[in-house]
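J.: What follows is the residue order along each chain.
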Amino acid sequence: MSTLDPRPDALPERVIDSIQRDDLPLADDRSRMKFVLNNMILHIHPAKVAKPALKFTYTWGLGGLAILLVMILVFTGVMLMFVYTPTPESAYADMLRLKTEIQFGSLIRNLHHWSGNLLLVTAVLHMLRVFYTGGFRPPREFNWVLGLILLLLVVGANFTGYLLPWDQLAYWAVTVGTSLLDYIPVLGPAVSRLILGGPEVSGATLTNFYGLHVAIIPLTMFFLISFHIWRVRKDTLTLPRNLDEPRPDRVEKVTTIPHLVSIELVFALVMLALIIVWASWIDAPLEEAANPDHSPNPAKAAWYFMGLQELLLHFHPVFGAIVIPGLALVGLATLPYLRFDTDAEGIWFRSRSGRRAAAIGALTALVFTPVLVLLDEYVVDLPSLLPSLPTIISNGWVPLAGLLLMLLVYYQALRFVFRVSACEARQSLFTLLAVSFAVLTVIGVVFRGEGMALMWPWEVL
Amino acid sequence: MAEQHTDNKHDDNTHDQTTRRDFLKLAWGAAGLLVLGEGALVAYKFFAPKVVAGEFGGVFTIGLLDDFPPGSVTPVTAGRFYLVRLADGGLLALYRKCTHLGCAVPWDQAEGKFICPCHASAFEPDGDVLNPPAPRPLDRFAITVVDGEINVDTGTAIQRDHANQSDIVYPSAEVSS
Numbered sequence: 000m001s002t003l004d005p006r007p008d009a010l011p012e013r014v015i016d017s018i019q020r021d022d023l024p025l026a027d028d029r030s031r032m033k034f035v036l037n038n039m040i041l042h043i044h045p046a047k048v049a050k051p052a053l054k055f056t057y058t059w060g061l062g063g064l065a066i067l068l069v070m071i072l073v074f075t076g077v078m079l080m081f082v083y084t085p086t087p088e089s090a091y092a093d094m095l096r097l098k099t100e101i102q103f104g105s106l107i108r109n110l111h112h113w114s115g116n117l118l119l120v121t122a123v124l125h126m127l128r129v130f131y132t133g134g135f136r137p138p139r140e141f142n143w144v145l146g147l148i149l150l151l152l153v154v155g156a157n158f159t160g161y162l163l164p165w166d167q168l169a170y171w172a173v174t175v176g177t178s179l180l181d182y183i184p185v186l187g188p189a190v191s192r193l194i195l196g197g198p199e200v201s202g203a204t205l206t207n208f209y210g211l212h213v214a215i216i217p218l219t220m221f222f223l224i225s226f227h228i229w230r231v232r233k234d235t236l237t238l239p240r241n242l243d244e245p246r247p248d249r250v251e252k253v254t255t256i257p258h259l260v261s262i263e264l265v266f267a268l269v270m271l272a273l274i275i276v277w278a279s280w281i282d283a284p285l286e287e288a289a290n291p292d293h294s295p296n297p298a299k300a301a302w303y304f305m306g307l308q309e310l311l312l313h314f315h316p317v318f319g320a321i322v323i324p325g326l327a328l329v330g331l332a333t334l335p336y337l338r339f340d341t342d343a344e345g346i347w348f349r350s351r352s353g354r355r356a357a358a359i360g361a362l363t364a365l366v367f368t369p370v371l372v373l374l375d376e377y378v379v380d381l382p383s384l385l386p387s388l389p390t391i392i393s394n395g396w397v398p399l400a401g402l403l404l405m406l407l408v409y410y411q412a413l414r415f416v417f418r419v420s421a422c423e424a425r426q427s428l429f430t431l432l433a434v435s436f437a438v439l440t441v442i443g444v445v446f447r448g449e450g451m452a453l454m455w456p457w458e459v460l
Numbered sequence: 000m001a002e003q004h005t006d007n008k009h010d011d012n013t014h015d016q017t018t019r020r021d022f023l024k025l026a027w028g029a030a031g032l033l034v035l036g037e038g039a040l041v042a043y044k045f046f047a048p049k050v051v052a053g054e055f056g057g058v059f060t061i062g063l064l065d066d067f068p069p070g071s072v073t074p075v076t077a078g079r080f081y082l083v084r085l086a087d088g089g090l091l092a093l094y095r096k097c098t099h100l101g102c103a104v105p106w107d108q109a110e111g112k113f114i115c116p117c118h119a120s121a122f123e124p125d126g127d128v129l130n131p132p133a134p135r136p137l138d139r140f141a142i143t144v145v146d147g148e149i150n151v152d153t154g155t156a157i158q159r160d161h162a163n164q165s166d167i168v169y170p171s172a173e174v175s176s
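Residue numbers (numbering that gives the first Met the number 0), protein chains in the order written: chain E, 0 to 460; chain D, 0 to 176.
No wet-lab data here; the hints were simulated from the structure. Bear in mind that the values here come from a model prediction, so they are computed numbers and not experimental data. Warning: the hint list may mix true and false statements.
[Stated by the list, open to error] Derived DEER-like restraints, expressed as beta-carbon distance ranges:
#1 Val14(E) with Ala47(D): 49 to 55 Å
#2 Phe266(E) with Leu25(D): 50 to 56 Å
#3 Leu404(E) with Leu23(D): 54 to 60 Å
#4 Leu25(D) with Phe226(E): 30 to 36 Å
#5 Ala109(D) with Ala272(E): 52 to 58 Å
#6 Leu25(D) with Phe81(E): 49 to 55 Å
#7 Ile391(E) with Arg19(D): 54 to 60 Å
#8 Lys49(D) with Ile391(E): 31 to 37 Å
#9 Lys49(D) with Leu218(E): 23 to 29 Å
Cβ atoms here follow ideal geometry from the backbone N, Cα and C, with glycine treated the same way.
Generate coordinates for the entire structure from the input sequences, incorporating the hints supplied.
T.: Here it is, written out as structure tokens:
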């Protein structure tokens with residue numbers, strides 16, 4: 000009898016024990032580790048972590064911040080779903096209602112808007128941090144790829160969300176953004192028609208984007224984020240090292256509770272406070288209601304696509320929208336599978352010469368990107384210099400080949416004049432391209448005004 | 000049973016014989032692929048865009064030939080196109096969507112050309128590119144003239160690499176045919 004009903008008088012305790020199996024409060028390290036293993040949420044963490052890996056100025060808490068932002072986005076997003084109808088007739092009116100009628104409507108919309116944008120920034124910074132500390136090297140190759148896919152999903156979530164307010168900004172940014180698809184050979188027009196639900200951005204597009212934004216993308220992200228964090232646990236954290244410091248033989252390990260969890264919670268609270276202050280202060284933009292008959296001048300894509308839109312002003316669209324971004328993505332996904340000739344895991348920028356090479360890359364990009372943009376804008380006109388060739392060659396293959404040649408010369412010069420290792424040269428090249436993209440984005444956002452002409456920032460506004 | 004045991008080791012000796020086990024594996028695999036394929040087809044058909052009759056995508060009857068004097072460009076907002084009557088009397092229906100990145104291209108009467116506000120592409124009245132980045136002339140819709148009445152089919156935007164004389168519809172020829 001006793002095995003069937005061990006404690007006949009203690010029903011409340013048995014109910015609690017059936018939910019929470021470990022005895023609280025946690026008395027010793029063993030029970031703290033067991034708690035992590037038995038807890039559904041905490042078990043994506045290891046039971047113990049290496050103490051050096053907890054150094055805040057190593058990770059900057061960027062992965063954790065991304066998770067916090069995703070949580071804010073889920074909560075505020077679900078709230079917004081209750082007051083928003085995705086039809087051209089009511090979407091914009093719902094935005095106005097959020098601003099005027101619904102209590103805390105602006106706050107929730109602002110939180111959602113800014114968290115979404117900040118998530119994109121955070122994800123990119125997280126990726127840069129992992130890259131510059133060598134955290135993508137074996138055995139963590141696949142987690143880098145997962146992170147890359149997650150980054151694309153974050154871009155997708157931001158882009159689909161951009162349409163939902165159904166204002167002029169939304170309508171034309173999405174028109175411009177989806178028109179890029181038309182340039183993909185063979186499949187492009189069909190894919191564009193499918194996701195737009197017709198030939199142009201319309202009510203059908205709003206329905207499609209809403210479904211993608213509130214269901215398909217978040218669900219996919221949920222599984223991939225879980226996978227990503229679980230892989231971090233399986234692959235273990237990289238350990239920060241100083242320049243020329245050898246890999247440690249033995250590492251002190253501490254229990255995840257309280258050492259990691261307390262840092263995470265405090266950091267989350269501080270960031271949450273900052274984001275709420277920001278969202279209370281600065282309103283998410285909202286322009287007039289969408290008008291399919293009238294494109295605003297200039298019609299700009301969302302800021303995270305402005306680097307691409309800037310490329311489009313200089314290259315044939317197939318190259319600006321498809322070939323160059325495609326090459327960049329393939330390059331990023333291939334990075335962890337290349338051969339490594341420097342032991343640099345955990346060292347910021349690999350080594351002393353790695354730091355120098357990276358700085359050279361950044362400086363080169365800061366100088367040459369604006370120069371090339373200005374040259375192409377005012378001096379060189381390839382299609383009229385090569386009138387016999389179709390523009391896909393004169394404004395596509397020719398400038399791309401020129402740029403690739405310059406990059407090749409740059410890489411070889413680093414390798415054989417400055418005598419840096421292949422890893423360090425690749426890092427320098429990565430820095431050059433990343434800074435170039437950042438410069439293009441800044442040019443597109445700040446220096447492009449009416450008719451997408453170059454002008455000073457104060458003339459743009 | 001004994002036979003099944005030897006089947007398990009078929010890799011070692013026989014290669015030219017398909018065992019019952021192999022066949023079943025293949026059949027289950029094929030069934031799985033079939034389900035995936037069917038699912039993809041159903042999903043594609045389910046999500047495929049639908050054209051509503053009488054809206055953009057259908058045929059527009061926009062009036063009599065005489066309503067559009069030679070040398071005029073008239074926007075038909077609901078159909079998202081311009082009816083262009085060239086100076087020589089020829090007709091063209093031009094889709095207003097810029098061939099560069101899809102902005103709505105307005106007609107500039109003073110300049111006598113279409114100028115896109117987004118990236119400054121410019122087009123001739125017949126749709127030909129005056130100024131890049133637009134990669135090709137404005138798309139056109141098919142025009143039929145029946146008893147002097149102009150019909151424009153917005154179902155398919157016809158893409159073209161260059162503006163051709165053959166794109167232009169001359170009403171007299173249309174009536175006689």
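J.: Hint by hint, note whether the structure agrees.
T.: Tested hints:
1. Val14(E) with Ala47(D): 49 to 55 Å: 52 Å, holds
2. Phe266(E) with Leu25(D): 50 to 56 Å: Holds, since phenylalanine 266(E) and leucine 25(D) (Cβ atoms, about 54 Å apart) stay within the stated range.
3. Leu404(E) with Leu23(D): 54 to 60 Å: 57 Å, holds
4. Leu25(D) with Phe226(E): 30 to 36 Å: For phenylalanine 226(E) against leucine 25(D), whose Cβ atoms are near 31 Å apart, the range 30 to 36 Å holds.
5. Ala109(D) with Ala272(E): 52 to 58 Å: Given a distance of about 56 Å, which is inside 52 to 58 Å, the answer is holds.
6. Leu25(D) with Phe81(E): 49 to 55 Å: 50 Å, holds
7. Ile391(E) with Arg19(D): 54 to 60 Å: Roughly 56 Å apart at Cβ, these two residues keep to the hinted range, so it holds.
8. Lys49(D) with Ile391(E): 31 to 37 Å: Holds, at about 34 Å.
9. Lys49(D) with Leu218(E): 23 to 29 Å: 26 Å, holds
In summary, this structure violates none of the numbered hints.
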